[in-house]
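When you line the sequence shown up against UniProt numbering, it's residues 1 to 483, in that order.
Hints are not guaranteed to be accurate.
Said to hold, decoys possible - Here are the in silico distance ranges between beta carbons for each label pair:
#, residue 1, residue 2, range
1, Lys-392, Lys-169, 46 to 52 Å
2, Arg-261, Ala-480, 44 to 50 Å
3, Arg-360, Gly-457, 48 to 54 Å
To be verified - Under the rule of at most 27 Å between Cα atoms (straight-line distance), these lysine-lysine pairs were calculated in the DSSO-like manner:
#, residue 1, residue 2
4, Lys-289, Lys-324
5, Lys-342, Lys-368
6, Lys-458, Lys-482
7, Lys-293, Lys-385
Derived by calculation from the structure, the hints in this document are not laboratory data.
Idealized CB from N, CA, C, for every residue including glycine.
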Amino acid sequence: HLHLFKRFYAQLYPQTNHTLLTTGHGRRSQSVALCSAFTFHFLLHIFISTQSSSWFCFNNTRGGVRTLQHNSTQNLRQQQEKEDASKEGSQAREGVVGKTGQQSKEWDCMYGKLVGLANVGKSTFFQAITRCPLGNPANFPYATIDPEEARVIVPDERFDWLVQHYKPKSVVPADLTVYDIAGLTRGASTGAGLGNAFLSHIRAVDAIFQVVRCFDDAEIIHVEGDVDPTRDLDIISEELRIKDIEFVEKAHENLVKQTRRGGQSLEMKKLKEEQATVEKVLEHLKSGKDVRKAEWTPKEVEAINPLFLLTAKPVVFLVNLSEKDYIRQKNKHLPKIAEWVKEHAPGDPIIPISVSFEERLSRFETEKEAEEEAKKLGTKSALPKIITTMRKALNLGSFFTTGTDEVRQWTIRNGTKAPKAAGVIHGDFEKTFIQAVVYNYDTLKELGDEAAVKAQGKVMTKGKDYVVEDGDILLIKAGAAKS
């Protein structure tokens with residue numbers, strides 16, 4: 001045991017004088033003492049590593065949080081590398097720029113990040129949406145350094161009805177993973193503030209929640225000195241675009257080196273097509289436009305998606321108002337923001353929220369109490385709308401698997417065929433797919449139970465070309481997987 005601890009200690013503290021670790025035979029007391037010391041260091045190292053890598057919190061009340069996990073920058077980077085590897089293959093197949101199409105078979109979730117300048121309300125909003133105190137709101141820039149991560153249940157009345165109908169032993173709703181990261185500042189693309197780390201954190205996610213400050217509060221400092229939402233939008237848009245230009249230029253340099261040798265092979269032809277696409281993207285970015293706002297052919301999408309460009313990701317704008325303005329749905333900045341989005345990001349959704357109001361609602365013991373408070377004020381929480389809007393922006397839908405053992409909601413891209421949907425449940429099901437027994441939620445709810453659905457001839461058997469519809473209830477039939 002001493003030998004093993006000695007090796008561990010040498011790796012953990014390579015600069016230490018390891019002559020102290022040598023013990024001769026018969027020196028039992030010294031060996032025991034050293035073993036105890038090494039055991040302490042070993043356990044301490046594990047404790048520190050654990051604390052810096054993950055925290056878990058369970059909360060099934062308002063906001064729908066199932067699991068909350070905090071990741072250190074190093075662990076998030078490792079996670080992103082794994083995600084990047086899986087995304088590279090999946091994105092090209094989807095044919096939609098910026099929308100990764102990643103389906104995690106283990107968690108069945110999507111990933112969104114809270115983005116905005118410092119002190120706009122991101123961390124407070126993170127705490128409100130998760131009902132867990134792991135965000136780090138503070139009245140100074142960079143209060144959040146390491147990304148915080150939370151998994152938030154997607155509200156869906158269909159899922160709730162199915163749970164009540166089947167009363168299963170296990171329920172598994174769809175969820176959205178939300179990250180809270182450091183605030184962006186002017187010059188982030190060139191490394192100002194936490195710029196490079198901040199922008200690398202965005203690259204691996206599926207979509208962006210952009211928080212824009214529209215409330216006045218002399219006690220909460222603004223990094224630019226005053227509240228000006230359109231200026232803030234310009235800063236964020238410019239920083240993301242500059243970073244994309246830098247990234248695309250590097251990709252272009254690599255392609256030029258590869259195509260310089262010439263040749264007529266299929267591989268060279270593909271590289272030249274990719275180079276032409278990258279040049280087109282670069283021209284588009286330098287003209288001041290985001291990648292997601294251009295029309296791209298399927299072949300161009302195949303070349304663009306592996307770049308994981310920041311401006312290719314879907315964006316939902318969260319306009320953070322004071323509680324008073326949110327309740328009356330009026331604010332002097334709203335028309336200017338609407339005009340800015342219409343000009344620079346046409347079609348992107350804008351959702352007025354009040355982080356202070358959501359934070360106050362989150363302090364109620366039960367969801368019912370929070371709803372009663374909101375109703376008394378003539379308003380309601382914006383959280384469900386935020387989550388469902390992001391799913392729509394990502395072109396996502398759901399199918400269900402049901403029964404008395406489990407009711408589960410699965411997330412898929414709209415337009416997904418049955419074998420790929422089966423693969424979300426288990427990878428082997430996609431490979432060995434035979435057929436799917438299908439009926440829709442609306443039909444089940446209308447007729448009352450499965451027996452009535454069958455009696456009306458509404459249960460269908462579909463093959464590999466069937467496109468799964470949002471709200472379908474599936475029973476997958478698949479062959480045995482090859483060992």
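Right, here's what the structure says about each hint:
1. At about 32 Å, the beta-carbon gap between Lys-392 and Lys-169 misses the expected band of 46 to 52 Å.
2. Remark: the range hint 44 to 50 Å for Arg-261 to Ala-480 is upheld by a beta-carbon distance near 48 Å.
3. In this structure the hint that Arg-360 and Gly-457 lie 48 to 54 Å apart at CB holds, the actual value being about 52 Å.
4. At roughly 35 Å between alpha-carbon atoms, Lys-289 and Lys-324 are farther apart than 27 Å, so this suggested pair is violated.
5. For the proposed pair Lys-342 and Lys-368, the alpha carbon gap of about 37 Å is over 27 Å, so the pair is violated.
6. The straight-line distance between the Cα atoms of Lys-458 and Lys-482 is roughly 34 Å, outside the 27 Å bound, and the hint therefore fails.
7. Proximity of Lys-293 to Lys-385 is assessed by CA-CA distance (about 23 Å); at most 27 Å being required, the pair is judged to hold.
When each numbered hint is compared with the structure, violations occur for hints 1, 4, 5 and 6.
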